[in-house]
Amino acid sequence: MPVWHRMEGCAESLQRLCVSFAWLSPGQGEEARALLAELRALRACLAGFPDGNPETVALVQVPTSSNQALRSHSKVSLAALRARLAACTWEISSLRALCEDAEDRRHEALLAGVLGEAAALHVRLLQFREAHAKLAECLQLSPESQAAKSLARDCAIALGSRAEDVLGMGPRISWKEVTSVSAELKERLQGVGYTQESLPKAAGLPSMLHFVSNRGESLANALQARVRTGDVSQDLVDLVRLFLLRRLLPLQRVVALLGEEITSAFLRLKAFCLIVGPNSRVCSESEAAEMLSESQLPADLELFSAIALWPLEEDLLIATDYGDTQHSAHFEPVMYLSLDSYALVAAAPREPVQRVLDVCCGSGVQGIVALRTYAERATFVDINPRCLTFTRFNSALNGFYERASFIQGSVDTLNDLDLFQAILANPPFVPNPEHTAAAAAPLYSGAGCDGEAVHRAIFAKALHLLGNGGYLSTVAEVPNPESLATRVKDWIEEGQAEDGVRPDMTVKVFTGKRVPAEEYWRSATQERSELERRSYAEGLRAVGVHCMAEALVLARHDGRSELSHDVGSVVISDNVQRDQLWVDDEYLRTRVALCLLPS
Numbered sequence: 070m071p072v073w074h075r076m077e078g079c080a081e082s083l084q085r086l087c088v089s090f091a092w093l094s095p096g097q098g099e100e101a102r103a104l105l106a107e108l109r110a111l112r113a114c115l116a117g118f119p120d121g122n123p124e125t126v127a128l129v130q131v132p133t134s135s136n137q138a139l140r141s142h143s144k145v146s147l148a149a150l151r152a153r154l155a156a157c158t159w160e161i162s163s164l165r166a167l168c169e170d171a172e173d174r175r176h177e178a179l180l181a182g183v184l185g186e187a188a189a190l191h192v193r194l195l196q197f198r199e200a201h202a203k204l205a206e207c208l209q210l211s212p213e214s215q216a217a218k219s220l221a222r223d224c225a226i227a228l229g230s231r232a233e234d235v236l237g238m239g240p241r242i243s244w245k246e247v248t249s250v251s252a253e254l255k256e257r258l259q260g261v262g263y264t265q266e267s268l269p270k271a272a273g274l275p276s277m278l279h280f281v282s283n284r285g286e287s288l289a290n291a292l293q294a295r296v297r298t299g300d301v302s303q304d305l306v307d308l309v310r311l312f313l314l315r316r317l318l319p320l321q322r323v324v325a326l327l328g329e330e331i332t333s334a335f336l337r338l339k340a341f342c343l344i345v346g347p348n349s350r351v352c353s354e355s356e357a358a359e360m361l362s363e364s365q366l367p368a369d370l371e372l373f374s375a376i377a378l379w380p381l382e383e384d385l386l387i388a389t390d391y392g393d394t395q396h397s398a399h400f401e402p403v404m405y406l407s408l409d410s411y412a413l414v415a416a417a418p419r420e421p422v423q424r425v426l427d428v429c430c431g432s433g434v435q436g437i438v439a440l441r442t443y444a445e446r447a448t449f450v451d452i453n454p455r456c457l458t459f460t461r462f463n464s465a466l467n468g469f470y471e472r473a474s475f476i477q478g479s480v481d482t483l484n485d486l487d488l489f490q491a492i493l494a495n496p497p498f499v500p501n502p503e504h505t506a507a508a509a510a511p512l513y514s515g516a517g518c519d520g521e522a523v524h525r526a527i528f529a530k531a532l533h534l535l536g537n538g539g540y541l542s543t544v545a546e547v548p549n550p551e552s553l554a555t556r557v558k559d560w561i562e563e564g565q566a567e568d569g570v571r572p573d574m575t576v577k578v579f580t581g582k583r584v585p586a587e588e589y590w591r592s593a594t595q596e597r598s599e600l601e602r603r604s605y606a607e608g609l610r611a612v613g614v615h616c617m618a619e620a621l622v623l624a625r626h627d628g629r630s631e632l633s634h635d636v637g638s639v640v641i642s643d644n645v646q647r648d649q650l651w652v653d654d655e656y657l658r659t660r661v662a663l664c665l666l667p668s
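Numbering of the sequence shown is given in my numbering, commencing with residue 70 and proceeding in unit increments.
Bear in mind the hints are in silico, worked out from the structure with no lab data behind them. Fair warning: there could be bad hints in the mix.
To be verified - List time: in silico DSS-like cross-link candidates among lysine-lysine, alpha-carbon distance up to 27 Å: (1) Lys-218 to Lys-245; (2) Lys-270 to Lys-255; (3) Lys-245 to Lys-255.
What the hints assert, rightly or not - Have a look at the derived ranges for each label pair, beta carbon to beta carbon: (4) Ala-325 to Glu-100: 57 to 67 Å; (5) Glu-363 to Glu-266: 36 to 46 Å; (6) Arg-175 to Gly-96: 14 to 24 Å; (7) Glu-266 to Glu-551: 53 to 63 Å; (8) Ala-216 to Asn-644: 54 to 64 Å; (9) Ser-219 to Gly-299: 27 to 37 Å; (10) Arg-295 to Arg-257: 35 to 45 Å; (11) Arg-603 to Ile-476: 17 to 27 Å; (12) Ala-294 to Pro-667: 48 to 58 Å; (13) Glu-100 to Gly-613: 53 to 63 Å; (14) Ala-110 to Thr-482: 47 to 57 Å; (15) Pro-95 to Glu-199: 46 to 56 Å; (16) Gly-96 to Ala-291: 48 to 58 Å.
Being a predicted model, the structure only gives us computed values, none of them experimental. Quick reminder that beta carbons are idealized off the backbone N, C-alpha and C, glycines included.
Take the sequences, apply the hints, and build the full model.
Here it is, written out as C-alpha cells:
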C-alpha cells in the first residue's frame, strides 16, 4: 500500500475523532478515554511514517498540489492537529465543570495546563485570536506562568501585525495627515542616525540586509553594548528595536522618541499597537487614543510596531511587513526589503522620465525611488491588495501620493494604459513545480513550475506598454541562467507575435553565481518534512531546473512599426556573469545601470 494511501486513512480516522470529541459532554469520561486511546494510536502510526512524522513539521497547507503524496501529507497534518485540539477542547469543558463544583484548586492547575496546550495548537494552525483567548484564561488561573505570558505576547504581536486594516488610510486618517507628519518623523529618525548608511555602521553590520537575518536577541544585545561604550545613542537603539526588531517599548518611551502627534497618527493607522496587562491584550483604537491623551502616561503600557520601517538612500522610509510575519491561505504579507529589492534600486537606469510603471510593486519601493530621483509620475501594480495599501502609505509618507496611481491586478490585466518610459519589475520567482513550494507564501510562489511565469509575462507585455526609447528593468532568481538570454529573446518575440507589434529591442543580461538545484532546494525547504524536500527536488528535476542564479535584465525599446512584415530585431548585446552580483552596489550603479544609456 502506498504511504499516501495510509496517510489518507489516518486523516479520515482523525477527522472522525474530531466529530466524536465534539459530541461528547463533559461528564462522558469513559467514552473520552476510549477516544484518547485511539488518538494516541493514530499519532504513533504517524510517527512511524518513513518520511518523518507529518505532525512535527511546520504546518503549511498544499491544497492545490497535483502531487498526491503532498496533498495527503498536508491533510493528515491538519487532521492530527485538529484532533488534538478537539481532545483539548473536551478536556477544557470537563475541567471547567470540575472547577465550578469543587474547592480543590488542583483542577485549576490542570485546566491552565490544557488551556496552554490548546493555545499552542491554535498557534500552529495560525489561529492567533483563539490562542490569545485561551492564554488569557490560562493566565487568570496561573498568573505567574512565564510561558503563557510569552506566548500571549507573541499572539498579540501576530494579531496586530496581520490585521487587515494596518496602514489603511481613509476615515481614521487621510493621506494628507500622513504626509504632514512625515517631515518631523524623518527629522527625528535621521537626527539620531536612522539612515541606510549610518544604521549598519552603528550595529557593526555590513549592510541593512543583515537586519533581516539577525533579528534575534544577539543583535539587540550587541547594539546595547555599543551604547555602553558610547558608540551608539540609546535613542537609535530603541528606534531599531521598535521598527526593525519588533520589540515592545513603553508608551512613554515611544512618545519621547517620536512625539505625541506621530505616535497618535501611527496608532490611528494601526501601525502601532498598544498592549496592556499580563495577557497582552491589544487595546482598541479609542482606548489607545484615550490613554495617549492622559496628562500622565501610564508607566505599564507597552507598544509594538506592526510594520517594519526601512531607511533607504538619503531620506526615504519604506514600510513593509516583517520577514517572519506568517502567511496563510487568505493572508499574504508585504515583502520586506531584501537583496533583490536593493539590487534593482541600484541597477535601474535613472534617466529622467515622465511615467514609470512598478509591476509586482510589493511595498512600492522601486516606484518611490523613481519618483524621488527621475520620474514625474508612477503607476503601481500588484495582485495583493495589502501591497497596494502599504504602497499608498509609503507614497504619502514620502510626499509622492499626488504623483502616484494604483492598480490591483496581475500583469495580464494591464491593458489600455498610456505608454511608459520606464518599467520596473521584481516578480515572484520561486520555482513551484506541482505546487510543491510549500515553504513559500502563495503569491511569492505564484511563478509557475520553473519560476518564470510572471517574468515571462512581463517581457511579453512590455512591448505595448513601453514607449520608444523606454527601459524595462527586472530582477529575479532564474533557472538555468546560461540560457536566460535566449529565453528573454523568445519571450519578447512571443509578445510580438500576439499583437503584431514589431519593435526593435536591445537587451543586456547579467547573472550571478550558479547555485546547483540540490543546494537551492535544501535552503528553500529547511523546515519542511523529508517528503516535501524530496518532492520539491524531484519537481525541479522534472521541469529541467539544474541550477539557479541571481539575475538582472535590462531592455531598451528602440522603436516600433505596426503590422510590419519584418519582425523587429531583438539584440542581446551583453550576457555577463558576475559572482555576488546583487551585493556589488558600485558595479550595479555604474556598469549595469548605465549599460543601455546613450554613450
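Hints and how they fare:
Taking the CA atoms of Lys-218 and Lys-245, the gap is about 39 Å. The hint is violated against a cut of 27 Å. About 19 Å separates the Cα atoms of Lys-270 and Lys-255, which keeps this hinted pair within 27 Å; it holds. Distance check on the hinted pair: Lys-245 and Lys-255 sit about 16 Å apart at the alpha-carbon level, within 27 Å; holds. For Ala-325 paired with Glu-100, a C-beta distance near 59 Å keeps the hint of 57 to 67 Å intact.
Distance hint check: the CB atoms of Glu-363 and Glu-266 are about 38 Å apart, consistent with the given range 36 to 46 Å. For Arg-175 paired with Gly-96, a C-beta distance near 19 Å keeps the hint of 14 to 24 Å intact. About 36 Å separates the C-beta atoms of Glu-266 and Glu-551, a value inconsistent with the hinted range of 53 to 63 Å. The given range of 54 to 64 Å is respected by Ala-216 and Asn-644, whose C-beta atoms sit roughly 56 Å from each other.
A hinted range of 27 to 37 Å holds for the C-beta pair Ser-219 and Gly-299, which are about 33 Å apart. A beta carbon spacing of about 20 Å between Arg-295 and Arg-257 contradicts the range 35 to 45 Å that was offered as a hint. Evaluation of the 17 to 27 Å hint for Arg-603 and Ile-476 yields a failure: the beta carbon distance comes to about 40 Å. For Ala-294 paired with Pro-667, a C-beta distance near 51 Å keeps the hint of 48 to 58 Å intact.
Distance hint check: the CB atoms of Glu-100 and Gly-613 are about 55 Å apart, consistent with the given range 53 to 63 Å. Between Ala-110 and Thr-482 the CB atoms are about 52 Å apart, so this pair conforms to the stated range of 47 to 57 Å. Distance hint check: the CB atoms of Pro-95 and Glu-199 are about 20 Å apart, inconsistent with the given range 46 to 56 Å. Our hint of 48 to 58 Å for Gly-96 and Ala-291 holds, since their Cβ atoms are close to 56 Å apart.
Violated hints for the displayed structure, listed by number in ascending order: 1, 7, 10, 11, 15.
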